[in-house]
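Colleague: So the protein lines, in turn, are chains D and G.
In terms of UniProt numbering, the first sequence opens at residue 1 and continues consecutively.
In terms of UniProt numbering, the second sequence opens at residue 1 and continues consecutively.
Just so you know, not all the hints are guaranteed correct.
Claimed, not checked - List time: in silico SDA-like cross-link candidates among lysine to any residue, alpha-carbon distance up to 20 angstroms:
hint, chain 1, residue 1, chain 2, residue 2
1, G, Lys387, D, Leu320
2, G, Lys240, D, Ile121
3, D, Lys234, D, Thr263
4, D, Lys150, D, Ile121
5, G, Lys240, D, Pro313
6, G, Lys240, D, Leu320
Stated by the list, open to error - The following label-pair restraints were derived from C-beta to C-beta distances:
hint, chain 1, residue 1, chain 2, residue 2, range
7, G, Gly140, D, Arg12, 54 to 64 angstroms
8, D, Leu148, G, Ala447, 19 to 29 angstroms
9, D, Ala306, G, Glu144, 52 to 62 angstroms
No wet-lab data here; the hints were simulated from the structure.
Glycine included, C-beta positions come from ideal geometry on N, C-alpha and C.
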Amino acid sequence: MTATGLPFPGLRSGVELVPTTDQPQTGKDFTSDQEVRWCPGCGDYAVLKAVQGFLPDLGLRRENIVFVSGIGCSSRFPYYLDTYGMHSIHGRAPSIATGIATAREDLSVWVVTGDGDALSIGGNHLIHALRRNVNMTILLFNNRIYGLTKGQYSPTSEAGKITKSTPMGSLDHPFNPVSLALGAEATFVARTIDSDRKHLTTVLSAAAAHRGTSLVEIYQNCPIFNDGAFDTLKGADATEQLLRLEPGVQVTAHGHTWAHDPTEPDPTWQFALSRLDTDPHTPTPIGIFRQVERPTYDDQARAQLATARQAAPGEPTDRLAALIGSGDTWMVN
Amino acid sequence: MTLPNFPAEIRAPQGTLPGVSSFQVHFADHDILTAGDAPDVLVAMNPAALRANLGDLPQGATIIVDTHDFTARNLTKAGYESNPLDLLGDANDPLGAFAVQPVDLTGMTVEAVKEFGLSRKDAARAKNMFALGLLSWMYGRPTEPTIAFLEKRFAKVEAIRDANITAFKAGWNFGETTEAFVVSYEIKPAPMAPGVYRNITGNLALAYGLVAGGVQSGLPVFLGSYPITPASDILHELSKHKAFGVTTLQAEDEIAGIGSAIGASFAGSLGVTTTSGPGIALKSEAIGLAVMTELPLVVIDVQRGGPSTGLPTKTEQADLLQAMYGRNGEAPVPIVAPQSPGDCFDAALEAARIAITYRTPVMLLSDGYLANGSEPWRIPEIVDLPKIDPAFATAEDLTEDGKFQPYARDAETLARPWAPPGIAGLEHRIGGIEKADITGNISYDPANHDLMVRTRQAKIDRIADSLPPLEVDDPSGPPGHGKAKVLVIGWGSTYGPIGAGVRRVRKAGHHVAQVHLRHLNPFPHDLGDILHRYDKVLVPEMNLGQLSLLLRGRYLIDAIGYNQINGMPLKAADLEHHILTHLTHLSEELRAN
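With the hints as constraints, model all of the structure from the sequences given.
Modeller: Structure representation (structure tokens):
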């Protein structure tokens with residue numbers, strides 16, 4: 001397979017304009033020479049392994065893949081992948097990736113971010129990236145805690161959380177990243193779990209294949225500052241706690257039962273699904289909540305440039321001379 | 001001073017050329033003897049008024065048109081085949097030589113006075129007061145005398161009185177809300193070089209300079225920007241030049257503006273971001289990222305009055321130290337400043353040259369005076385423009401064992417390789433954490449940090465090697481060897497007023513030298529020598545002495561400031577007085593010794 005097959009036929013692929021290779025690739029080809037420095041037992045290792053294992057499936061040329069990150073534990077990710085990459089500043093990765101993806105149609109652009117990076121300091125960039133629908137895939141590692149700054153509550157921490165900065169319990173009401181993304185009219189929204197490699201890989205494949213901004217929330221365990229945050233969703237007896245979303249699967253919320261359809265343009269019922277886990281008695285959905293087609297910002301921006309270029313033939317220097325020499329002119333001898 | 005002008009016919013057909021009446025006003029802060037030869041502003045209530053008065057306007061004048069009356073019928077009556085307002089900003093804009101502000105004067109006036117229950121005709125008549133209010137805002141005129149006049153004039157008809165006052169205030173408020181801006185740039189008196197000329201504002205010249213930077217480097221230009229007065233016109237202009245490969249992204253905020261530009265630069269475009277002082281404050285961390293990642297980036301600050309929101313429509317040059325030092329850590333950034341509206345073209349091209357050649361963010365400091373002021377500009381020949389070589393890294397840059405070294409350096413410029421994605425073998429990671437010399441890997445090594453801090457500074461200092469010698473304007477002889485003992489040094493938009501002030505001093509029979517800085521960081525190599533050749537160095541600035549501080553710190557000279565921070569350009573007469581005072585002091589000191 002040289003490019004990921006589309007789970008939803010008819011949509012244009014997110015990697016359609018990225019050069020492919022016939023050379024067989026392995027995870028090792030995507031592994032950089034840098035030592036991985038996350039804490040032992042960190043969920044980030046599992047995600048890194050899954051990404052390194054999955055990238056060869058895309059069949060893309062390695063030099064046409066770019067990973068951009070912000071600041072936080074997960075944002076060290078680009079250093080460990082032997083692709084092009086930028087470890088930028090706190091919260092700004094979506095804006096930098098927007099510039100890269102808009103400037104170059106031949107790149108597969110990925111953003112690696114965390115709950116603090118994406119939803120707190122970078123919340124504005126995230127919602128606007130989703131709204132614009134720039135062709136990139138955002139991996140949001142959600143461990144519901146600040147790890148790099150050593151254990152303060154995050155915008156996804158449950159209210160009342162006792163942390164270093166909240167000895168009497170946190171007062172903030174948390175964001176649900178999937179609800180937020182659906183509210184921002186994201187075209188692709190999914191959730192997966194660090195420990196479920198198979199599910200993670202399936203979701204990543206679909207996200208990469210989606211043309212537009214894909215948001216993938218990854219529940220990720222922080223063994224140091226928030227260990228076991230997602231334990232109820234893991235292991236053999238977690239089946240009842242998880243609702244595995246697939247197209248056509250029967251789902252129930254607010255007393256309604258319907259067949260889940262991620263391609264439904266109206267996000268109302270997808271949003272209702274995203275609210276299920278706010279009730280401890282209903283299961284937590286994982287999988288693809290929403291995947292709809294909408295023209296991407298970058299494709300349209302490039303199309304405008306192409307249209308303008310076609311309408312203005314001639315050498316750039318001649319056109320520049322005409323431009324600066326336009327308007328009323330006069331001669332001084 | 002005023003000049004009414006109306007047709008002899010009691011009611012010549014409205015909307016036709018013979019039916020146009022006008023009223024000319026001339027105001028100034030000094031004695032004036034006429035109603036003025038050529039108006040700076042024309043308020044045209046319909047197409048005929050525009051057509052009839054256009055010939056009286058100097059290039060660069062402001063025109064406020066009431067769009068409400070630019071109907072097909074009125075256009076035809078005035079002899080227009082098409083609506084000239086439809087072509088505003090186009091290459092063949094018939095009003096391109098003027099600053100045109102299309103405003104629905106009638107519509108907004110009627111809306112503003114509707115509470116007074118006037119007939120539509122009476123309500124629309126108050127548009128004159130709306131226009132007067134707008135002009136009062138633009139020229140900073142007090143509102144109280146006009147309101148007092150209206151209260152007296154229409155004392156007997158309450159509704160008319162209140163409608164006129166309301167319309168006047170609404171016009172003033174419209175100016176404030178939309179940050180309507182008007183300046184006229186004082187041109188340094190000098191003979192005009194032969195060539196083809198056009199009128200140009202600073203923001204337009206700057207946008208053209210950025211387009212030229214793309215053409216001359218062969219790079220696509222990517223502007224990431226958030227609207228802000230007085231820089232937004234650069235975004236508007238560049239958005240028209242997609243045919244040159246210019247992408248403009250109106251970002252969600254100032255940070256995303258520069259973030260997307262940095263991303264585009266990483267991807268191989270010439271990244272540009274445009275803003276004013278408050279925006280620079282927000283972009284500071286990202287500028288530091290561009291310093292650390294050593295990517296080309298042009299950062300344009302069209303300065304306005306500060307601090308905070310300050311005076312958005314007034315000029316100031318108080319962001320110099322922010323540009324120089326406004327980042328955490330040792331984060332040197334080259335600074336260039338245009339000296340006149342037309343010079344914004346060359347300054348933008350120079351900023352692009354430095355950014356691309358040295359792989360660094362470059363700060364360009366324009367200001368509101370340059371941005372909205374205009375001057376006759378000699379249109380350059382394309383062959384005379386500098387060529388800029390992006391010199392992208394290639395697979396040939398790999399070491400013998402096939403490794404790419406993103407932080408190896410060019411021996412002359414100390415620039416690192418620029419390797420946009422897409423080339424096999426050059427895959428690399430950059431970021432804001434300190435980089436190891438040569439490899440670019442993360443490094444916390446103390447000795448490496450010391451080396452990298454000094455190397456980044458040395459790279460910026462090396463830019464001075466590429467700068468031409470300063471041009472000292474001293475008709476009395478070579479610097480230090482003529483009769484001039486006093487040097488006036490400035491930067492940015494003060495060039496015109498300082499030049500005019502210096503000419504007045506010379507006309508009065510005195511000697512004085514002038515030098516003006518294009519490069520504020522690094523300073524040209526010969527600056528120190530020039531400064532030390534004069535007995536006194538005067539530094540006029542529209543701030544509290546920011547260039548003075550830099551000159552004193554760097555060259556240990558007694559730079560004497562002349563500082564005006566009232567939102568207005570410096571005045572030639574004030575500068576003349578200031579220079580003459582110091583000339584007198586100097587001769588007294590010399591006599592006493």
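Colleague: So, against the hints stated earlier in the document, which numbers end up violated here?
Modeller: Violated hints (numbers, rising): 2 and 3; every other hint is consistent with the structure.
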